[in-house]
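S.K.: Residues per chain, in single letters:
2 protein chains.
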Amino acid sequence: MNASGIITPASQASVSESNRSRILKHLYHNGVSSRAQIAKALGLTPAAITKITARLIEAGVIEETGDFEGEKNRRSIGLNLDTARFHTIGIKFARSLVQIGVFDLCGNTLSLESLPTVYDNTINDTIAIIHDRITGLLDDDPSIVAIGMAVPGPYLRKVGRTAVVSSMQGWRKINFINEFSHAFRVPVFIEQDARAGALAHYLFDPAVHADDNIAYYLVGEGVGLGVIDNGRLINGAIGAATEIGHISIDVNGRPCDCGNYGCLERYCSTPAIHDMLISNGTVVPEAADMTHTDAVRALFDKANAGNDAARDMVRQIARYVGYGCVTIFNGFNPEHIIIGDIVAEAGPYFLREVRKTVAERAIPELNDTTSITLSTLPTDATVCGAAAVAVTQFLECPSVFFDVA
Amino acid sequence: MNASGIITPASQASVSESNRSRILKHLYHNGVSSRAQIAKALGLTPAAITKITARLIEAGVIEETGDFEGEKNRRSIGLNLDTARFHTIGIKFARSLVQIGVFDLCGNTLSLESLPTVYDNTINDTIAIIHDRITGLLDDDPSIVAIGMAVPGPYLRKVGRTAVVSSMQGWRKINFINEFSHAFRVPVFIEQDARAGALAHYLFDPAVHADDNIAYYLVGEGVGLGVIDNGRLINGAIGAATEIGHISIDVNGRPCDCGNYGCLERYCSTPAIHDMLISNGTVVPEAADMTHTDAVRALFDKANAGNDAARDMVRQIARYVGYGCVTIFNGFNPEHIIIGDIVAEAGPYFLREVRKTVAERAIPELNDTTSITLSTLPTDATVCGAAAVAVTQFLECPSVFFDVA
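Residue numbers (this note's numbering), protein chains in the order written: chain A, 1 to 405; chain B, 1 to 405.
Pulled out of the complex, with its shape left as it was, chain A reads as follows (with noise of 0.2 angstroms):
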């Protein structure tokens, strides 16, 4: 697919396909709509949607609907993109946790699962499971046409491989592309992490608008950043872009495993908590036998019932969070931050703290005109994102999926 936009010319058959998908996303966002309520949405003439939409019907995509009504209380043909009838694979991929879950057009989850804790040791084992729990999923259920896999970032879109995977290295010898691209019946969509977080709002959540400008800041067992910028997702030359776990908030502060000092990852993934945790020694004593979820969720449990060090702990670590937002600002000022993933499962208290450190350090302009709140998705936006890459390709190229040509 080509994503470059303005100045590349398009041949005559990506202006066909690209009306396939304009249509496609027409009744994606609009529902049920007649052939001239289309023809005037998108500007083209009547012919031509009578000629693409015969095809996309022919091909099973989009179905008439009989009567309904129209516009000036008209009755007409209505045709619709029934979201229900097309499923999808997610699956996130984030170190030591892995979800598979399945998903209609519109996110809604229809089976969701996580693997067993992975170890360094046991990837190869994930990896073997993987490919068995998809074959099972597309074995019983002919309805799912694609499968999306969110990765942690940065991602190397054209290899296939992250380039750093802070804490857990052996991750990195995967090859995503060669692994899963072609082992199954349905194509195989990779994206980042947090880039799927950022097209599952976009798509999945009533509050976002299709003209957004939104950010999924994903804060838990990595750092990661999605922006949607006027309607488009910054990718970066080679899909290292929107990397906020490495950018440095300190020149001279904790060296990272990617090379650079002071790395936002370092100050309050899960496992930078886990690591506070355990060097504190008191507010989670048993910290050093749990997992870095469950280290920092009982963190959580111990703040929200009230115990004042745990309190001040998690004020720090949305203090950090909350300078994360200061650059997400002055980076890519988008309109809204959703912060997503374990970290803010901290709740309110943590989204006052990040707010409050964000007021303190933001261009005043810039602080009164961008929201900040927690993903209110009800399954994880990265895991639901998964579907969400996957259905982005499923409107932004439908010959990929049927004979519509």
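Calculated directly from the structure, the hints in this document are not laboratory data. All the given hints hold, so there is nothing to weed out.
Below, computed lysine to aspartate or glutamate pairings styled on EDC-like, alpha-carbon distance capped at 16 angstroms: (1) K173/A with E365/B; (2) K158/B with E335/A; (3) K158/B with E365/A; (4) K173/B with E365/A; (5) K25/B with E63/B; (6) K51/A with D403/A; (7) K158/A with E365/B; (8) K158/A with D368/B; (9) K51/B with E64/B; (10) K158/B with D368/A; (11) K51/B with E17/B; (12) K158/A with E335/B.
Some chain B residues flagged as far from chain A (calculated, every beta-carbon gap over 10 angstroms): (13) E58; (14) I77; (15) N124; (16) G136; (17) D139; (18) H182; (19) R185; (20) R352; (21) T373; (22) V404.
Note that this is a predicted model, so its numbers are computed, not measured. Cβ coordinates follow ideal geometry from the N, Cα and C atoms, glycine included.
Please arrange chain B on chain A, whose structure you already have, making use of the hints.
M.R.: Same frame as chain A, now just chain B:
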């Protein structure tokens, strides 16, 4: 203009304008072309090309060149966009420095003037002089079709004001839209300075290709950044994205006028370097009586003449500029970073030190695939970039300039 991209529907009118724009851009980037070549490259029907080009010829935007040698040595009639026939004015606002130039559509400099050094209490006089000069230039040259202005970021594009101007707050009182946008016979377009610089390299630099991911890193009276990601400028919701100068490199560092601490601009802009020179006292003893620019140039002269203390100071500045590059890598992952403005005058020794810092701290896969160079455009990238802003509009929205509909 609607910059929103993938999801927003386009009206029939904007489809026509988009096709006109694509034809103009094709001629701009490829030179004389036949109608058949354009049709093939853009995936438009010959009938559409004939209709649109007839209107562009009638309106005087493009012209027929008579026979030229086309594909397979067949003679055909060529179409040409004469880039020397249309001129634009470019104006760079950089706190104490204001420059006004006239350029053709390819960025060739036809005239260039620097206004007297601006002080906080002479900003209004400077504005009056700018009005005068523009009026004079427009009277003398009927070929001028547009004016571009490049102003310090963060520039609030809908409001018309800059949000922070470290070291010269007086500029914040100027509303550029109210002051200039309806003052002349031609349209005026205003852009953040480093984004203008990125457009200059995108349009006028033979070393840059149209589908590249480039970043123009302005290190002068301010520190700014413009990023073209997959062919499109990153703007942010209110125009305040890519403000590298206000991204903190040390959350416990020097306070900045923007409210943040440790902003990059506080370490390597010319006012920051000037402060270093004054407090040092010996490297450039007369620094206190000089302008920022002159003091910094005196430092670079000494360093290039081999003075050890001066070279140490340049090395220190280069480290900070390098930290900024690492942030640009991890934030935006461009393919090329082009460093420009006054600090880039430090030359090859400085660039070597920047690259050394980057090699120590960048993710290896990014260091291997990203070039860092100094701007080599014959005129400062921001002032010819202001013209590039106008040229971009000329190519994007021809109907604003000519009766072509």
